[in-house]
Amino acid sequence: MFVHFEWRRCVSRLKYRVPTLAAILDHLTAAPVRDTESRALQTIACRNRTHSSDILLRAQKPSGAWSAEPNAGPDNCFHTALALLALKALRPNDPMPQHVDHAFAWFDSIVGAENHWLWKWKFRYFDRQVRFDPTKTGWPWVEGTVSWVAPTATVMLAHRAWTRDSPRLLTATRMLMDRACPQGGWNAGNSEVFGVALDPHPDFTAMALLALHGVVDRNQPIISKSLDYLSLRLRKSESLYSLAWGVLALDWWSHTGSGDLTGRLRDRLASMDPSLAPVRTLALTVIACDPPAFLKYGGHQ
Amino acid sequence: MNRRRILEGGAIGITGAAVAARLWPRSGFPRRQQESVVAILRCDDYAACHRAVEDGLRLLAPSVRGKRVLLKPNLVEYSTKATINTHPSVIAATADSLFRLGASEVVVADGPGHVRDSEMLIDESGLKHSLAEVGRIRFVDLNFDAVRRVTPRGGFTSFRELWLPETVLAADVVIAMPKIKTHHWAGVTLSLKNLFGCIPGNVYGWPKNVLHWEGIDNSVAELAAIIPIHYVIADGIVAMEGNGPLHGPSRHLGCLVFSNDPVAADATCCRLMGIEPSRVRHLQMTAPLGNASPERITQLGEPVSARKQSFVLMSEFRHIAEP
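Protein chains in written order, with my numbering: chain D, 34 to 334; chain E, -5 to 317.
One chain only, chain E, in its complex shape (with noise of 0.2 angstroms):
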């Protein structure tokens, strides 16, 4: 063996660490100890979901009297074609029932990723309208909020730091309200992807082109070792299959998710959805965060099994399916 082999082999050597390093990061997360709480209720219908909120939230308990509440619905973009936001009634009833639970404030808010015009958006989808009708609830831009320098610790990206809202970071408690959804890039979007809209547009554009560039899947993971979700209401009376995020087409699930663990409500909407939720990469990343696992997941409500299907996939994300 040679010196020059020796190079070459060294050389070949660290571009391996270098890519095996940036494929699979180490985990940042401290690991959940306690087991989580997950909660299926059947919903048909958007006009009844008022009552299922209200019975979810009984079932989750949530600790939320005199905090202030952050919802962070999933917010992209208005289309009379399909179903891609979280639903308003969804949003308002949540937000009346907490308030109803002593919360002091209730703050919606998100930062869409291809829209500069939330108000448009807002309105046109009659969120607008919907936190009007109850009232006290004020809606933050995130793209256009204060921003606040935070560290990233998780390395899972290359970010030195990343400017985040205000408002996120001030909250009490953080509620993801994620439509579920598959997605072509990620393969699914739930509560954890959900975090995308945290990023402000008008600090680092629209759409959030600096998270592709550091890996999606590395980017939700950074983005969940720095914001604590701390309960999850998912959006799954209609759902989205196939070209998600934007135009999928609409599959009826007839039901709301809630639950106390952003990993153990992805987990358990990829298993409504008939997808494994360990072969999706982000939920394999932030695992340790919480409980993906059923024998760890306390179930309540109706259990997976009465509410599973099998949800079209892209050709690319077909191995994520159950088998």
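In isolation and in its complexed conformation, chain D is listed as follows (with noise of 0.2 angstroms):
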């Protein structure tokens, strides 16, 4: 609660001090975007600024779903999820039931690769040396591969905005859990290949944490060790992207690391010039500095 509450009184310092922060939402609001990703994550940053959620439901495709660009690329679980959290930030109150239902329906009918029994069996028996549990699954990216970390986590945590439940939240949170590396943390969600560890990445790690935050215990030592991983790899690095991701994630879990980095952020946030960094990026960034309740509690909340 501290940290929170620190961080709301640097969001309102930095209004008054520079204009930063509603000059970067000016920015913003303005900024023409192209992607999914991007137009979503400006529309959860300019919640409070944006209603209009017409060019996000307009790039919803037929079958529900939303692709990396409107009219560009096969349908995709990550975009998808992030367009339902955008969805949520506008209408927090409006439950939009067709849209979403259309949406959550398609995330019904797509199951990771490896869900298919011929598969199951493949990884199970022959093909060892991408070490998972392929009984475990969530979501893939694109329809035909297998589950991979950022999908899996991003369609959760629009369940969990929604107040939608599904029996597949389980196994996804086994998925989850079974991914994780070793030493903590996650990556794209390949713990170990050929017997070795691989490196866990802050942005899957934060993505992952959130999904499972209120789900799972946080004395799970993969959910210590992987936000302790968090915490010190992101003290290494310059990274906004990373830096605001792994905020999100600390601050959910108050973890006592997040208060620094928080700084951090706000320090960048407060010096940076707004039309050299991605819109993805620096929307991030505005919400990792205000995130929207429901992204944490749920729409019940």
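One thing to keep in mind: the hints can contain errors.
Part of the chain D face toward chain E, derived, beta carbon under 7 angstroms [stated by the list, open to error]:
(1) Trp152
(2) Trp195
(3) Pro215
(4) Ser224
(5) Ser270
(6) Glu271
Now the in silico label distances, taken between C-beta atoms and shown as ranges [as the list claims (entries may be wrong)]:
(7) E:Arg130 - D:Lys153: 48 to 58 angstroms
(8) D:Pro95 - E:Gln303: 54 to 64 angstroms
(9) E:Gly120 - D:Asp261: 21 to 31 angstroms
(10) E:Arg45 - D:Gly177: 43 to 53 angstroms
(11) D:Asn252 - E:Asp117: 26 to 36 angstroms
(12) E:His246 - D:Asp59: 38 to 48 angstroms
(13) D:Thr289 - E:Asp117: 23 to 33 angstroms
(14) D:Thr168 - E:Arg(-2): 32 to 42 angstroms
(15) D:Asn81 - E:Arg45: 53 to 63 angstroms
None of these hints come from the bench; they were simulated from the model.
Using N, Cα and C, we set each Cβ at its ideal position, and we do this for glycine too.
Combine the two chains into a complex, taking the hints into account.
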């Protein structure tokens, strides 16, 4: 709680010290975007200024999914989850049942390819170079491929935001726990290949931690090691994008390392030229400064 | 022979034909007519690579005046424990030399397969700093570039369409800059396998798992049929053997390899590693695109034998070693 309060104070201080946050929000609101991820994050970041969901809704495909860009590329679980989060940010009290139901129905129809009996059998008994349990399945990036950390985590977040239940959330949780790196943290979704432990990445680690918050006990070794990894790793990084994801996750889990890192994020935000940063990075930074409650607790809060 | 036997025989035949077509797809390449040039230049240290790059480009004489040149290095992820990526000094030296040769624009572009945060990767690997020192060079993250639909015509995969980065498709000249490495799924990763970095993660995800499901070798061939590699500059100063592309030990090969043909470049790099190129499946499949045979390669600089070593191979790929 203290960390959260501290951070809110930082944001309001920024607002009056320099035109930073206001200028960044002005820039973000007007910034042209092409891809769904940028559009969704921009919408969440500027949720108190923008009220139209038309562009996002127009980009929804007949399948119910979103792709990386409107009319470009295959249906994509990650982008669909981000679009749903953005729609929730725009209209927290509006059920928007038709579009949202359609998207969640699409999620129900998409499952990691490892879930097929043939591949389950293959990965279990023959193809053992990549260590993972094929019975623990989540969501793939695109249809016809196996489950990965980022789409699984964001689809879980979308379910939480819209307070949707699904029996698949339990297996998705198990899948994330199974894919964690032995040393803590997550990469795209391969923890060990040919007997070698792969390195985790801050952004995927943060996404998994956000999805598991409130679902898995923080005393689980995977969680505590991952929080420590994230906190330490971000101290050595200059990347705003990873820092923003990391601050969101560490703040949610109230990790002791989050205070310093939120300070660094604040400083970076205060000194940056918004026109030089990609919209998705800028928007994510603003979201990390002022996360919407529905992300953390679900729409009922 | 009854009707049941005929039906069974027919089913087995059709299944066999489908499997064979999958394993040995037809070649979708126009066969390269002209001979190829490969230059192997000794270079023991990255601090001295600028001179070697200039010499190599002089031998290769690439046609870049007034053109937009795209350098496609191999950027996978950064680790202090392994030499994974094309070294920043080689990339920066190449960009600098291309400006001197009259290139109107030089773009360094890649879409790392495991990493969403390319900013972190180019910062921590030192590439950002090296490019800033040269100046005028833009880095494009191909994972997030604008995309254009392309219809694959190679027939190597089941893709009906591929969404590829505009920056790659709009380049006048594409120079592949792989790190010479062995690879635990593909045998080797050189200029042709390096094309995986042109698949936008924002569209297909991290890693580019759609390519794995189509078969790595098939996907390499499909991409090679779409994206022309005009020149290759391969970083073999410090290469990787064994469990590449991430966890193999470093191997000092002490050279840079230049070519105007990706097949000739990759075949030569294989020979430098003690690997028989005709045993590498994606090189078999892409062979018509260039010249793998030494008889059709004009060899400049040092001969292969001067720098050749025997790289350690994963047990799954021992069969690709030269006899």
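Outcome of the hint check:
1. Because the closest C-beta pair between Trp152 of chain D and chain E is about 10 angstroms apart, greater than 7 angstroms, the hint is violated.
2. Because the beta carbon of Trp195 of chain D sits about 23 angstroms from the nearest beta carbon in chain E, more than 7 angstroms, this interface hint is broken.
3. The restraint placing Pro215 of chain D at the interface with chain E is violated, with a minimum CB-CB distance near 14 angstroms, outside the 7 angstroms limit.
4. Look at Ser224 of chain D: its Cβ only gets to about 13 angstroms from chain E, farther than 7 angstroms, so that hint breaks.
5. Among the interface hints, the one on Ser270 of chain D holds; its C-beta lies about 6 angstroms from the nearest C-beta in chain E, closer than the 7 angstroms criterion.
6. Given hint, Glu271 of chain D at the interface with chain E, holds; its Cβ is 6 angstroms from that chain's nearest Cβ, closer than 7 angstroms.
7. At about 52 angstroms, the CB distance of Arg130 of chain E to Lys153 of chain D agrees with the hint of 48 to 58 angstroms.
8. Between Pro95 of chain D and Gln303 of chain E, the C-beta spacing of about 56 angstroms keeps the proposed range 54 to 64 angstroms intact.
9. At roughly 27 angstroms, the beta carbons of Gly120 of chain E and Asp261 of chain D sit within the given window of 21 to 31 angstroms.
10. Taking 43 to 53 angstroms as the suggested C-beta distance range, the pair Arg45 of chain E and Gly177 of chain D conforms, at roughly 48 angstroms.
11. Take Asn252 of chain D and Asp117 of chain E: their Cβ atoms lie about 34 angstroms apart, and the range 26 to 36 angstroms holds.
12. The supplied range of 38 to 48 angstroms is broken by His246 of chain E and Asp59 of chain D, whose beta-carbon atoms lie about 54 angstroms from each other.
13. A hinted range of 23 to 33 angstroms holds for the C-beta pair Thr289 of chain D and Asp117 of chain E, which are about 26 angstroms apart.
14. Between Thr168 of chain D and Arg(-2) of chain E the beta carbon distance is about 38 angstroms. The supplied range of 32 to 42 angstroms therefore holds.
15. Our hint of 53 to 63 angstroms for Asn81 of chain D and Arg45 of chain E holds, since their Cβ atoms are close to 58 angstroms apart.
Violated hints, in rising order: 1, 2, 3, 4 and 12; the structure is consistent with all others.
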